[in-house]
Amino acid sequence: MLIITCPFCGPRDEAEFACGGEAHIARPLAENKISDAHFADYLFMRDNPKGLFLERWRHSAGCRRWFNVARDTVSHEIIEIYPMGSLPKKASPKAAYKASWRRDTAAEKAAVRSPNKAGGSK
Amino acid sequence: MANSSNSRPDFSGQAALAGIAGSSSDNPNGGDAGLVFREISHLGKLNLRGDKNLAAAIKAATGCPFPPKANQFQSAGERHVLWLGPDEYLILCEAGKEKQLEDTLASTTKSSQRYAITDVSDSLCALALSGPKTRAVLAKGCGLDLHPSYFPSGDCAQTLLALAGVTLMALADDEFIVICRTSFAPYIQRWLADAALEYGYQFVA
Amino acid sequence: MAFRTNASSAQPMTRSNTAARIDRNKPIEFTFDGRSYTGFAGDTLASALLANDVHLVGRSFKYHRPRGILSAGSEEPNALIRLGKGAYAEPNLRATQIEIFDGLYAESQNRTPSLKFDIGAINSVLGRFFPAGFYYKTFMWPAAMWMSYEHVIRHAAGLGKAAEDHNDPDRYEKTHAHCDILVAGGGAAGLMAAMQAAQSGARVILADEQNEFGGWLLGEANISIGGVPALVWVSAMLTDLAALPNVTLLPRTTVFGYMDHNYLTLNERVTDHLPTRPAHLPRQRLWKVRAKQVIIAQGAHERPLVFAGNDLPGVMLAGAVRTYINRYGVCPGRRAIVVCNNDDAYRTALDLYNAGADVVITDLRNDAKGPLITAARNAGIEILRGHAIIAAYGNQRVARVEIAPVDDSVTAISGDILHRDCDLISMSGGLSPAVHLHSQARGKLQWDGAKLCFRPSATHEPSFNIGACNASFDLATALKEAIRAGTKAAAATNHQTIALTAPDVVSANQNWKPLAAWKIPNGHGAGRGPKAFVDFQNDVTASDVSLAAREGYQSVEHLKRYTTTGMGTDQGKTSNINALAILADALGNEIPEVGTTTFRMPYTPSSIGAIAGRDIGDLFDPVRLTRMDAWHRANGAKFEHVGQWMRAWYYPKGDETIHEAVNREVKAARTTAGLLDASTLGKIDIRGRDAAEFLNRLYTNAWSKLGVGKCRYGLMLKDDGMVMDDGVTTRLGENHFHMTTTTGGAAGVLDWMEEWLQTEWPDLEVYLTSVTEQWAVATLSGPNAGKILQDAGIDFDLSPAEFPFMSMKEGHIGGLPARIFRISFTGELSYEINVAARHGLALWTHLMTAGKPHGITPYGTEAMHVLRAEKGFIIVGQETDGSVTPHDLGMDWIVSKAKSDFIGKRALARETMAYDNRKQLVGLLCSEPSTVIPEGAHAVLDPDQPMPMEMLGQVTSSYFSPNCGRSIAMAMLKGGHARKGQTVFFPMLDGTVLKAEIVDPVFFDPKGERIDG
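The listed protein sequences derive, respectively, from chains A, B and C. Our numbering applies: residue 437 is where the first sequence begins, and numbers increase by one. Our numbering applies: residue 1171 is where the second sequence begins, and numbers increase by one. Our numbering applies: residue 452 is where the third sequence begins, and numbers increase by one.
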């Protein structure tokens, strides 16, 4: 059982948390029309990598807050924990974020309203 | 139009564990029971949402300073303010004082302050636990490190106790308050009595 | 057997006079296979049986061969025992670990009818016909016969017999524990490491599977540590450790699982060794330990030698024989042959000799030298160098052996065969470090070509391997390693300590490099000659392993599945290395290239009871009760589980059936009045400046213009457009709403809302608080509802003009403060009365009293379901299953076209959402009005079509409606909206076919004329 360090409550057993799956899937804004196929990237497509994965967790039995976790799915090493709405700072999670196929999708571009206002980080 | 002369409801109100009789089991090794516990009936409970700017209003309303750190509480007499989350606090107060506290808080808060306060007195049940085996009993169902050096008095935590979500407060080495959802209270009561069997227990109805 | 005269004889001849760990003043009576025996306090069942000269203790799994006691510890493959009687019986316990107590009752396993005469042993005679993979090869074809094959296989399969009564009467507990350093194994190294770590003040847990700490030292003679006999040193260490407040000593506790992030599971056998188990104590306790650092000191397992007949009772591991002599005062034979490829077995030879046995040493090596060899020679023990036992014979115990000279590589017999009589063989094939915990935690292994064993290399979790489990078999080396590990582990937990001085060890020097000899030649061709066993528990022979390799099972994992080697309760602790060495040999590969199978938890079998702990019976799952529960119970309600809640299902009067009671309740709610306990509905207090905007995004309909005091029904979708929950939300103030959810959906909906607020719209100022249990709710419904509220003392005007449908007012009932919602799930005039939960019971009894003259009738969840179905109201989770859109439900009216966005809006616009063959909600009227179509029944258009029939959809709700005077049903049918008026058929399991007409799903009061009473 993993120990996950809740950014607010500190280290707790995995049993107190719920995993929310892949992080950084931006929700297309309704005002930006995209095709069904592009919308499916947001709605249905999920990564399941062997190795480093950026995912969302919630401290469900504690403070109920969401946060992001960079975790190695093979070694179960937790590399970085960072707040919802922000990007990882450490080198390998940062690289994983940049390398994701999502960065080039129409769905992700449609999540942004204007250059200086970032979209959701869900 | 009201015609209530022939029957009026009972106003006294029922505690969460009203239907459960007191019980006990001797300490098999002799001496005092390892765990003594009871419900703190109708303890006032207010869920407060907002940021740290509420500190002055909280102090004015409850007399408690702001909890200095996450997962800690501050007390003033029978009143306690618990840090539950980055923008969430639980205020405990004397039975029946909830409304007064709410009003005081509202009157001392700046109009620009974002906050929300909700009475959850009946939603939550508080149990007072004491006895030399309090921590050992809790450890059977709680994954936190409850050693006094890691969970000293003044610490609180939302966590799991057996199969129920709870908030734990350490008042002293041998003294805790356990707060659970009211509908889970009978389960917690039964679980505590069962877990304390090897140390002896007393449940005070 | 020849030595015993009767059960009460004071001391059987096999007891030696060594200073043992038994109390000869405390005789203990026990029963094995119906016969009573005497042992001493401190004995295990195995040592006590050996003391009574009982060697035959079980039959093997496949061939039913007679088997004895191989080892003296948890690695035992043979001596599996069923302990206890009736409900307390437990199979497959190792006789080598069971501490005896007065009245202990044990039975051997896997024999019919008796241990000495077992008809299954015919398999042994036919053994040539039961090669590796026998079942796979034999029971393959024809496929149609599989069902009967399965019966044969199931009968043959399975080890031991579970208790007849499946309700285990014992108490088991679980507990969490935290420590800085967990030391797994309390032998010399474990004790030293624990002492070193504890000096620093770190919190230390030291666990050992045996009843006493000391590990293999308990079974040794002639070793001193720190100038005193080894066990005096152990005792002093224990005294010191026990005095430290930061140390927890756990004897009889097996560390059986090692998981991620240093989470370990321990099984403590608290009262297993007691004649009567105190009721207040658990029989066993599962410890769930989170350790910052782990020190593994598990020791090592001795390997058997693989020669013909090596499974006979009386063939034992050399280290075990030494343990029986020194720890239990039992000399397991009088005429012993010691066969070995290493120095260590010479210690056994000397101890056997000193215990009075005749001893011959058969050493596979022809160049052995050193102090132990010299000592044996000086004692006058016959040593046959370069010799091996090539076969052992005997009926139910070894009686004679064939010994032959072998070449240097032990692959061929190189001279004449000698014949010797014996009653004990002590064999040693070298030591295998117990790398189980290290490997469970995904530590790496490396092959040690000198010591011929796998040893830990890199660790994966923060841990250390010390002593024999690290292939540091030499005691002095192990103690130094322990001090280093203890110091480092303490430092890693921020506890500083000065390294202790390793105590001096005085023990004969020995060479720890055994001779590689994995399979001893028998002078016959491959697969011929008597069986030489590799895995005793699974009856896998050396030739089975070779055969599997020839047949292409060349991966060690395949070998395991095909031959079953390494399976069972011992998981191959004594057999794995021999098996893979023989496999490597057959493949012409090196051992490290073949590798090991995966080590998984548990290290030794652990009872399911300990894993369940107290999460059984009343404590299996929390049962949530409403504040009115006492009234329901007192008035004979039947209950149903809704999630964790217990809800009143119906209230039978007299000997009413459920059908009669529900009909009466449903009727009353439409003719007089019904009262429902609706307290379990989820309730969420929503506050904040952006509350209305949040609801706009959450629900499909619009919320901004909802007036204060007004209620609105809402449908919540997932972002894929599918219905996830519904409920009524009321505006209590400009920035304050009260949301209700389904009973089962309450927690999920709150989580869902928090997720969107925290992860997608953190800019919204909205605060959510669950108030489900803050309010007790009684729903009063029916034409007389208003009159009853009047009589109950409502303090405001109930007229529809003043208090219209879909509005909320705060007031008092008989003086009790209440929030009353005029909403309806029945279609009747209805009031949902919310009071502070502490007043729930008072409200309910007050309404029942006030309503008595008006025919008030309490109704349960079953009647509630019928009432809503009469009105065609859906239940989320009953009509919907996560694949249903509002359009599918015929609820387009609730989906706003004007709002720019809400959760699910974009998905509803997907092309596939408009397909006209989606399943859609319809009503059904069965052609037989008295017949209720079963829920879940599948509809077809043509009941005579060939199988498999084309399914149109399924019935989701189906009831008898007393108000319609006939059965009604709701269904989700493909293209259902366009099929109204069509007939569909429901083929039943019994061959009958039901017929129904597709209709609109509103069956009663379609115009909604009853809503104001």
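I should point out that these hints are in silico values taken from the structure, not numbers from a laboratory. Don't take every hint at face value.
As the list claims (entries may be wrong) - Here are the computed lysine to any residue pairs in the SDA-like style, where the Cα-Cα straight-line distance is at most 25 Å:
| # | chain 1 | residue 1 | chain 2 | residue 2 |
| --- | --- | --- | --- | --- |
| 1 | C | K743 | A | E467 |
| 2 | C | K1356 | A | Y518 |
| 3 | C | K743 | A | Y518 |
| 4 | B | K1280 | C | G1184 |
| 5 | C | K1322 | C | A1349 |
| 6 | B | K1222 | A | P447 |
| 7 | B | K1222 | A | I517 |
| 8 | C | K1446 | C | L966 |
| 9 | C | K743 | A | E516 |
| 10 | A | K486 | C | K1238 |
| 11 | C | K1169 | A | E516 |
| 12 | C | K1458 | C | D1441 |
| 13 | B | K1269 | C | G1262 |
| 14 | B | K1239 | A | T541 |
| 15 | B | K1222 | C | D1141 |
| 16 | C | K1431 | C | R1369 |
| 17 | C | K1238 | C | T1122 |
| 18 | C | K1118 | C | R1319 |
| 19 | C | K895 | C | K1118 |
| 20 | C | K1169 | A | M481 |
| 21 | C | K1348 | A | L523 |
| 22 | C | K1238 | C | K1322 |
| 23 | C | K536 | C | A470 |
| 24 | C | K1118 | C | R1369 |
| 25 | A | K526 | C | P913 |
Status of each hint after checking the structure:
no. : hint                : verdict
1   : K743(C) x E467(A)   : violated (51 Å)
2   : K1356(C) x Y518(A)  : violated (30 Å)
3   : K743(C) x Y518(A)   : holds (23 Å)
4   : K1280(B) x G1184(C) : holds (19 Å)
5   : K1322(C) x A1349(C) : violated (28 Å)
6   : K1222(B) x P447(A)  : holds (23 Å)
7   : K1222(B) x I517(A)  : holds (23 Å)
8   : K1446(C) x L966(C)  : violated (82 Å)
9   : K743(C) x E516(A)   : holds (19 Å)
10  : K486(A) x K1238(C)  : violated (67 Å)
11  : K1169(C) x E516(A)  : violated (30 Å)
12  : K1458(C) x D1441(C) : violated (39 Å)
13  : K1269(B) x G1262(C) : holds (17 Å)
14  : K1239(B) x T541(A)  : violated (42 Å)
15  : K1222(B) x D1141(C) : holds (20 Å)
16  : K1431(C) x R1369(C) : holds (15 Å)
17  : K1238(C) x T1122(C) : holds (13 Å)
18  : K1118(C) x R1319(C) : holds (13 Å)
19  : K895(C) x K1118(C)  : violated (72 Å)
20  : K1169(C) x M481(A)  : holds (16 Å)
21  : K1348(C) x L523(A)  : violated (35 Å)
22  : K1238(C) x K1322(C) : holds (24 Å)
23  : K536(C) x A470(C)   : violated (34 Å)
24  : K1118(C) x R1369(C) : violated (35 Å)
25  : K526(A) x P913(C)   : holds (22 Å)
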